[in-house]
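Novice: In the order they appear, the protein sequences are chains E and B. Okay, so the first sequence: first residue is 4 according to my numbering, each after it adds one. Okay, so the second sequence: first residue is 58 according to my numbering, each after it adds one.
It cannot be assumed that every hint is accurate.
Said to hold, decoys possible - With the Cβ distance kept under 7 Å, some of the chain B side facing chain E (calculated, not the full set):
1) 141
2) 145
3) 146
4) 154
5) 155
6) 319
7) 323
To be verified - Output of the computed footprint for chain E on chain B, the stretches with three or more beta carbons under 8 Å from beta carbons of chain E:
8) 168-179
9) 297-303
10) 327-334
Rather than coming from a laboratory, the hints here were simulated on the basis of the structure. Note that beta-carbon positions come from the ideal geometry of N, C-alpha and C, so glycine has one too.
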Amino acid sequence: MIPVLVTGAVLALLPWVFGTGGYSLRITTLMLVMIIYTVAFNIIFGHTRQLFLCLGALAGLSAYLSVILVREARLAPAAGIALGTLGAGTLGALLSYVAARRGLGVIFAGIVTLVVSLIFQNLLLGLRRYTNGETGIVTQGLGVGLAGYPVVAYYALLALLVLALGVYRWLMDGRPGLAFGALSEDELTAELAGIDVTRYKVLAAAVGSGLIGLAGALFADFNGFISPSIFSLAHIDIVVLIALLLGGMRTLLGPVIGAAAFTLIDELVRPFGQATVLAYGVLLIVLFLAFRQGLVPFVRRLARVPVP
Amino acid sequence: MIAVLIDGMVQGLQLGLLGVGITLVYGLGGVLNLAHGQLAVTTGVAAALLIGAGLHPAPAAMLGVLGAGLLGVVMDRTLLRPAYRRRGEERLLLALILTLGFAFVVDGFLAYRYPSVALTLRLPAPAVVLAGVRIRTVSLAVAGLGLAAFVLLGLFLRSTLLGSAVRSIMQNETGAVLCGIDVDRARTIVVGLSALLAGLAGLAQGLFSHVGPEMGPEFTVLALIVAVVGGVRSLTGTFVAGLLLGLVNAFSSFYVGTYLTWILLLLAALLTLLVRPEGLLAYWT
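The whole structure should be built from the sequences, with the hints applied where relevant.
Specialist: Take a look at the structure:
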């Protein structure tokens, strides 16, 4: 657990390093959200090889659910966030269960989740009465009020990140970690060794999706505004995929370093407008072709340091 | 009613053209090309640029389709080669991510460099009367294009030596290698062919309305839906699925609106994957 606490402590210092001025604090807070998504995706894809191309949909489902429940059903904001998180976790678990039961390989699971995220985007655009379509929803006054207190928002998301890393460590150090290792090597062999493959895959998907949902709901509150494009494939799934590959799959710090590095790169290419999409594409190709191991395993080998 | 029916069949042919490219490449190497729609869009943008430069629309359209084919070959030689070196699920995953990255490269480049270039091809006569039914010239042109492409593809696969080689690779890759078939060359040709078909589908779209740089993802998704419903390994299945979904699309757009139609098409793909992952119509082949 020590690396988890050290990571938390280092990130806790960032607002002092970069200042609590509006823009830099906003960027670092968004970075935290992206790190949480990546940590969760590492559990789902890195450890149990389930290609979820619906991270944006999971985060968006929770964000929209929490906001709409508060606005329409007059729920308490905390209850809205809890239900949103539950919704995302349930959807993730369901997708994982169906894919495992139907024996869909990594590709077909990828297509199923891709189609799910497209349906979700279309529903957001179509159910105007609740979602305002492309215009999006201003979430001011519908959440727990993180938008007004950027420093509080930063530390709230940092707390969630530390929780996510703690859960990750706890899973990996225990029985699930062993099961994940076995089933990602060879599912049939794992099944024959007495591991309930479906159960552990669903566990990974549920925990990961729940984390993504909670981060999405808190993001909706902090950001003050949500719209379909914020939760699109290009803005979340691709970014998380790049961040995870960059940092290194199946490591504790990989997602943290990868997502942080990506935030930096993204800031550098931001002035080029539409060309950022091009840059993402090139990055994805180069990373997958030439640097599949990622930064953390690279440093491990190069410096012979046991980076967690 | 008859007009909607005809519209649906013509759209179905266009969808089939789109889907069959994905099926060909998947059947041959187990590679799901997520940049397929971007190839179709490339045709549109290239042809529009050529027309803008003063070329007559017909040769411009042909050059545009050839451009897509060329891009397909380049993609195969640079990006898919490394994927083909691996086997099984590893290959599928690598190719999926690489083509996704390539799709982003094409989308980003076109949106950045040519944000407002779009192809619209106008045919002279708006409609002709055939056996008492008014049919738009566009529909006739697209139907002719689609049917001709399918017949030629069928002839290529059935009657040429290369076609036999391609079918043998689809059945058993190792066996084909042992028979002395140059698998790499056959793959490059098939990826190029699939890109040409995507280009034709893009052209058909240009005849109907317009093709712009932002339409890549939509084309890819449509192609994916058709291929999935038809069974990603079956060419006939894809053809039939294209027609079926085209009819669904036309009737549903006419009676319930385009928004629900999209969801209907996506749900069709989702249900197919969950109920019969090998494809709803794969059973006919």
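Novice: A separate judgement is required for each hint: does it hold in the structure or not?
Specialist: Now the hints, each set against the structure:
no. : hint    : verdict
1   : 141     : 13 Å, violated
2   : 145     : 9 Å, violated
3   : 146     : 6 Å, holds
4   : 154     : 5 Å, holds
5   : 155     : 6 Å, holds
6   : 319     : 5 Å, holds
7   : 323     : 5 Å, holds
8   : 168-179 : holds (count 3)
9   : 297-303 : violated (count 0)
10  : 327-334 : holds (count 4)
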